[in-house]
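J.: Residues per chain are reported as follows:
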Amino acid sequence: MIKLQLPISEAAIRQLKMGDEVTISGMMVTGRDAAHKYIHDNWPDWLRPILENSMIYHCGPVVKRHEDGSWSFVAAGPTTSIREEPYEAAVMEHYQVRAVIGKGGMGEKTLAGLAKSGGVYLHAIGGLAASLAKSVVKVHDVYMLDELGVPEAFWHIEVKDFPAVVTMDSHGGSLHKAIKTQSDEVAKKLIFD
Amino acid sequence: MFQYDEKVLKDQLLELIRLAATDLPKDVVESIQAAHQNEEDGSAARSVFGMILKNIELARAESTPICQDTGTNIYLVHIPEGLSMRKLTKLIREATAEAVEKSYLRPNAVDSLTGKNSGNNVGDGQPYIHFEEWDNDTIEFKLMLKGGGCENVSTQYKLPDVGLSAGRDMEGVYKVIIDAVNQAQGLGCAPGILGIGIGGDRMSSHMAAKTQLFRKIPDTNDNPDLAKLESRLKDDLNKLGVGPMGFGGNTTVMGVKIGSLHRLPASFFVSISYMCWAYRRHSMILKSSGEVSYD
Numbered sequence: 000m001i002k003l004q005l006p007i008s009e010a011a012i013r014q015l016k017m018g019d020e021v022t023i024s025g026m027m028v029t030g031r032d033a034a035h036k037y038i039h040d041n042w043p044d045w046l047r048p049i050l051e052n053s054m055i056y057h058c059g060p061v062v063k064r065h066e067d068g069s070w071s072f073v074a075a076g077p078t079t080s081i082r083e084e085p086y087e088a089a090v091m092e093h094y095q096v097r098a099v100i101g102k103g104g105m106g107e108k109t110l111a112g113l114a115k116s117g118g119v120y121l122h123a124i125g126g127l128a129a130s131l132a133k134s135v136v137k138v139h140d141v142y143m144l145d146e147l148g149v150p151e152a153f154w155h156i157e158v159k160d161f162p163a164v165v166t167m168d169s170h171g172g173s174l175h176k177a178i179k180t181q182s183d184e185v186a187k188k189l190i191f192d
Numbered sequence: 000m001f002q003y004d005e006k007v008l009k010d011q012l013l014e015l016i017r018l019a020a021t022d023l024p025k026d027v028v029e030s031i032q033a034a035h036q037n038e039e040d041g042s043a044a045r046s047v048f049g050m051i052l053k054n055i056e057l058a059r060a061e062s063t064p065i066c067q068d069t070g071t072n073i074y075l076v077h078i079p080e081g082l083s084m085r086k087l088t089k090l091i092r093e094a095t096a097e098a099v100e101k102s103y104l105r106p107n108a109v110d111s112l113t114g115k116n117s118g119n120n121v122g123d124g125q126p127y128i129h130f131e132e133w134d135n136d137t138i139e140f141k142l143m144l145k146g147g148g149c150e151n152v153s154t155q156y157k158l159p160d161v162g163l164s165a166g167r168d169m170e171g172v173y174k175v176i177i178d179a180v181n182q183a184q185g186l187g188c189a190p191g192i193l194g195i196g197i198g199g200d201r202m203s204s205h206m207a208a209k210t211q212l213f214r215k216i217p218d219t220n221d222n223p224d225l226a227k228l229e230s231r232l233k234d235d236l237n238k239l240g241v242g243p244m245g246f247g248g249n250t251t252v253m254g255v256k257i258g259s260l261h262r263l264p265a266s267f268f269v270s271i272s273y274m275c276w277a278y279r280r281h282s283m284i285l286k287s288s289g290e291v292s293y294d
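Just so you know, the protein sequences line up as chains A and B, in that order. All residue numbers for the first sequence refer to numbering that gives the first Met the number 0, where the first residue is 0 and numbers rise by one. All residue numbers for the second sequence refer to numbering that gives the first Met the number 0, where the first residue is 0 and numbers rise by one.
Derived by calculation from the structure, the hints in this document are not laboratory data. Being a predicted model, the structure only gives us computed values, none of them experimental. Keep in mind that the hints are not guaranteed to be accurate.
As the list claims (entries may be wrong) - Pairs of lysine-lysine residues, derived as BS3-like cross-links and limited to a Cα-Cα distance of at most 30 Å, are as follows:
id : chain 1 : residue 1 : chain 2 : residue 2
1  : B       : 233       : A       : 187
2  : A       : 137       : B       : 233
3  : A       : 63        : B       : 233
4  : B       : 141       : B       : 101
5  : A       : 63        : B       : 286
6  : A       : 176       : A       : 188
7  : A       : 133       : B       : 115
8  : A       : 176       : B       : 141
9  : B       : 89        : B       : 286
10 : B       : 286       : A       : 187
11 : B       : 286       : A       : 179
12 : B       : 6         : A       : 159
13 : A       : 137       : B       : 25
14 : B       : 53        : A       : 176
15 : A       : 179       : B       : 89
16 : B       : 157       : A       : 63
17 : B       : 157       : B       : 53
18 : B       : 86        : B       : 286
19 : A       : 188       : B       : 89
20 : A       : 188       : A       : 36
21 : A       : 179       : B       : 157
22 : B       : 9         : A       : 63
23 : B       : 115       : A       : 179
24 : B       : 227       : B       : 238
25 : A       : 16        : A       : 63
26 : A       : 179       : B       : 227
27 : B       : 25        : B       : 157
28 : A       : 63        : A       : 176
29 : A       : 63        : B       : 227
30 : A       : 133       : B       : 101
31 : B       : 6         : A       : 188
32 : A       : 108       : A       : 63
Stated by the list, open to error - Sample of chain B residues lacking proximity to chain A, with all beta carbon distances greater than 10 Å (derived):
id : residue
33 : 37
34 : 68
35 : 82
36 : 105
37 : 163
38 : 174
39 : 241
Beta carbons are placed, not taken as given, at the ideal position from N, Cα and C, and that holds for glycine.
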């Protein structure tokens, strides 16, 4: 198990290889469909200090608001990442984001982007919402809650020992491609033989 | 005439929602436990199943959602003759909004035109409620929470399919289902459970597929031909090696459930409703005495 502390350098990220199991601690931000579209339409500068050498978590949490106005995460597993395929490589390069965390993996465009700008794709376990919410030790802030709604807002969170697996690295390795190649072979036999 | 107390029933519905979101049914947990045992020690797949089982326990113990995507809330309601569907719909919608306040459900209803989240998980067509009348003097509420990831990999084929050399017969049905699961990979939060609808029109075919998902995993299809196809598909789909979350492994699907409808001579649809491992469904029966039981 490799421990990653945020913020993290490009050099440290480039050492990671497909299949590495990691735990993440530090500050990161959630962002999913509406957030990516917003970034891509506006390229806001206010996001730079939040994103630089940090990670974007593809997650739309269930949250709880406490009487003192503070928030906590109740359920917070990953959402499907491939929907951000049109945007992610550009977003990561523009803000020097070192990883995205999500589920299901991403495509060729992102894989090429990871190699170019120095990033990895981290796979969290889908449906692990109760457990992963425990790894979110503090909600520091939320941005654009009114505009984007609870699931799609930017939640600036602090995580501790958040578990994930490197399934796409900065050297062109993709577990998703490898598994698909194998299962394509089996499917071909079952369908055509 | 069947009578019920609206306030009491709303609380009973809220409990049904809480159970659906936080307490994975026994048959599903047992399937996941079996899949866990069926992976090699030290493999990624085994470790994923281990984490999944811990999460299931934690969600139940703390009464928090198993998955943050509390999904489309799909209700299948059986009512005795003469009961108002409008009144029950109103109660379900109220219980849904209350469940959001209690953090059992995520506000999951987005206006497709404006992009605005309604904030309480209630909107046009959400939750989805289907009523049927029956002879019993009870009301049955079946509830399934189906997340977006697995809904997005659900699909519909029409036979024949030249690319898959799938003809208009059971062999053709088999082929398109193999293709659908291979295309889905881990994106639907594998291992999945498949609800299949053969025939119908585009709409009824999808409905038949979803309705199949209310069956329990270990049951056997009443139709012997479909029972055989279900078992063959389950065995062969598990040869694909997609495994939990698409990490590779021995269990790609935990069950295949098939229903069929009459079709037009011109149409032959096969609808595939992919359900994630977080297969959240519970039911509740309300007797006229006010007594309620959950399953």
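J.: Is the straight-line distance between the alpha-carbon of residue 157 of chain B and that of residue 63 of chain A 30 Å or less?
T.: violated, 45 Å
J.: Does the structure keep residue 133 of chain A and residue 115 of chain B at a Cα separation of 30 Å or less?
T.: holds, 29 Å
J.: Against the 30 Å threshold, does the CA-CA distance of residue 233 of chain B and residue 187 of chain A hold or violate the hint?
T.: holds, 17 Å
J.: Holds or violated: residue 227 of chain B and residue 238 of chain B, Cα atoms, limit 30 Å.
T.: holds, 17 Å
J.: CA of residue 16 of chain A to CA of residue 63 of chain A, is that 30 Å or under?
T.: Given pair residue 16 of chain A, residue 63 of chain A is violated - Cα atoms ~36 Å apart, limit 30 Å.
J.: Starting from residue 89 of chain B, check that the Cα of residue 286 of chain B is at most 30 Å away, please.
T.: holds, 20 Å
J.: Per the stated criterion, does the least C-beta distance between residue 163 of chain B and chain A lie above 10 Å, as a non-interface residue requires?
T.: violated, 6 Å
J.: If you draw a straight line from the CA of residue 137 of chain A to the CA of residue 25 of chain B, is it 30 Å or shorter?
T.: Not OK: residue 137 of chain A and residue 25 of chain B at ~33 Å, beyond 30 Å, violated.
J.: Do the alpha carbons of residue 63 of chain A and residue 286 of chain B lie within 30 Å of each other, as the hint requires?
T.: violated, 35 Å
J.: Checking one constraint from the list: CA of residue 176 of chain A to CA of residue 188 of chain A, max 30 Å. Satisfied?
T.: holds, 19 Å
J.: Holds or violated: residue 286 of chain B with residue 187 of chain A, Cα cutoff 30 Å?
T.: violated, 52 Å
J.: Is it true that the CA of residue 133 of chain A sits at most 30 Å from the CA of residue 101 of chain B?
T.: Within the cut-off at roughly 18 Å; holds.
Hint violations for this structure: numbers 2, 3, 5, 8, 10, 11, 12, 13, 15, 16, 17, 19, 20, 23, 25, 27, 28, 29, 31, 32, 34, 36, 37, 38 and 39, all remaining hints satisfied.
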